Amino acid sequence: MTIIIISVLGFIMVVAAVLAIYSQKLLTAIIATGVISLLASLVYLLLAAPDVAMTEAAIGSGLTTVVFLLALNRIRRNQGGSHG
Amino acid sequence: MSIVSILGALLILIGLWGMLTQTNIIKIIIGFSILDTGIHLIIVSIGYISGRTAPILDRAVSQADALRRVVDPIPSALVLTAIVIGLAITALMLVYAVRMHKSRGSLNINDYEDLKW
Amino acid sequence: MVKRFLMLVLLISFALMILPLLREIRPATELPPLAQKYVQDGPDELGAANLVTAVVVTYRGLDTLGEVAVLFIATAGVGFLLRRKEKKLGSSPKRPASEILQTGTDFLMPLIFLFGVYIFVHGHLTPGGGFQGGVMIASGMLLLFLSNSATRINHTVLHFVESLSGAFYVGLCVLGLILAAGFLDNRFLPLGKLGSLFSGGAIPIIYSLIGLKVGSELVGILENLRRNDS
Chain A
5 MTIIIISVLG
15 FIMVVAAVLA
25 IYSQKLLTAI
35 IATGVISLLA
45 SLVYLLLAAP
55 DVAMTEAAIG
65 SGLTTVVFLL
75 ALNRIRRNQG
85 GSHG
Chain B
96 MSIVSILGAL
106 LILIGLWGML
116 TQTNIIKIII
126 GFSILDTGIH
136 LIIVSIGYIS
146 GRTAPILDRA
156 VSQADALRRV
166 VDPIPSALVL
176 TAIVIGLAIT
186 ALMLVYAVRM
196 HKSRGSLNIN
206 DYEDLKW
Chain C
6 MVKRFLMLVL
16 LISFALMILP
26 LLREIRPATE
36 LPPLAQKYVQ
46 DGPDELGAAN
56 LVTAVVVTYR
66 GLDTLGEVAV
76 LFIATAGVGF
86 LLRRKEKKLG
96 SSPKRPASEI
106 LQTGTDFLMP
116 LIFLFGVYIF
126 VHGHLTPGGG
136 FQGGVMIASG
146 MLLLFLSNSA
156 TRINHTVLHF
166 VESLSGAFYV
176 GLCVLGLILA
186 AGFLDNRFLP
196 LGKLGSLFSG
206 GAIPIIYSLI
216 GLKVGSELVG
226 ILENLRRNDS
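Chains as they are written, first to last, in my numbering: chain A, 5 to 88; chain B, 96 to 212; chain C, 6 to 235.
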């Protein structure tokens, strides 16, 4: 049963990774990275490591996505400021 | 080989491929983040013993039979540190990307040719 | 085209390099010998019920010290690279956040802070600890930044909290050297009963300091990244 759940989660993670690399819009890639981290935290919980699951959920799908989005916002603002 | 380690290896390869072939700096950093997640998955999968539970002693697992019922706590401790360091390095790389864009105006890594002859 | 082919060759050789590692990972039936020693002697020697906390704070305490140093260097780098040259007065007027966000933040932020403090104070009893609690506190501050874009953090307070908690953490390590068996030993405070809040020697204090330091550093990174003028 655990093997089936981990296989399904793993399949979604690989699809999301390929989507993150090959998508045209940067926003899609960043959100896909957050999805990978969230599913990885589920896998950690199934592997009996609750500390790692908590840390990965908070940092990977929370703060990393936010840091990416803040940096992207700053880049877009620099672009707008120098062209406009 | 367990399935989680194969998943981790696949993520490492996808992240490495992304870092090598993409030209947008943000995409390269995203590839690094995926590579990081794959490495952590492999390390945590080393410590897993099937049928056992988390290494915390409370009402469920008493101290006497902890030896027969907990998984390995050492890979969890190592990955805990590694996740936080991965975040710090990703943040630093993104700040470098912001500064590079401010100085040159493009996010394409082929425009930064200062080190090529 | 040649470049693409060479990258493919590189990737395939990397995959061949990982393959022996994957083949070595057999599903185990017994704990490895080092883990056996940690699991057997950990609760008696250190008094912590969470074995991962015992390993992170005491048995591999030097790794945690190095990790705190790496976080500090990263935060210093971010603050250095994003500094602004002069003070800009009066930024452009921003749209205020929606009412749901503001009301939700007023209600949720104290709860998030309280939960974060709970997580890192009980790090030796339940899953959690300093890193998780610090990240939760940073997430609470992020919610405050999102709902009210005119929030300014007092940078002096942030610097003091970060530096003092880091210094006290190293001071506690040295105190272990003076009063107990070695560097980062936590037995200079009484061990107490396994499973109660005041057990584990100095582990709760060490983890609380680590949590404060990690939280304030992440808040510093977020604050540097979101400043309105660049």
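Any given hint might turn out to be false.
Stated by the list, open to error - A few chain C residues that face chain A, going by a derived Cβ cut-off under 10 Å, partial list only:
no., residue
1, 87
2, 134
3, 137
4, 147
5, 230
Derived by calculation from the structure, the hints in this document are not laboratory data.
Nothing here was measured: the structure is a model prediction, and the numbers come from that model.
C-beta: ideal position from N, C-alpha, C; glycine also.
Outcome of the hint check:
Proximity of residue 87 of chain C to chain A holds as hinted, the smallest CB-CB distance being about 9 Å (cut-off 10 Å). For residue 134 of chain C, the suggested interface contact is upheld, since its CB lies about 7 Å from the closest CB of chain A, less than 10 Å. Satisfaction of the interface hint for residue 137 of chain C is found here, the shortest Cβ-Cβ separation to chain A being roughly 5 Å, below the 10 Å cut-off. Among the interface hints, the one on residue 147 of chain C holds; its C-beta lies about 6 Å from the nearest C-beta in chain A, closer than the 10 Å criterion.
Restraint check, residue 230 of chain C versus chain A: the minimum CB separation of about 4 Å is within 10 Å; hint holds.
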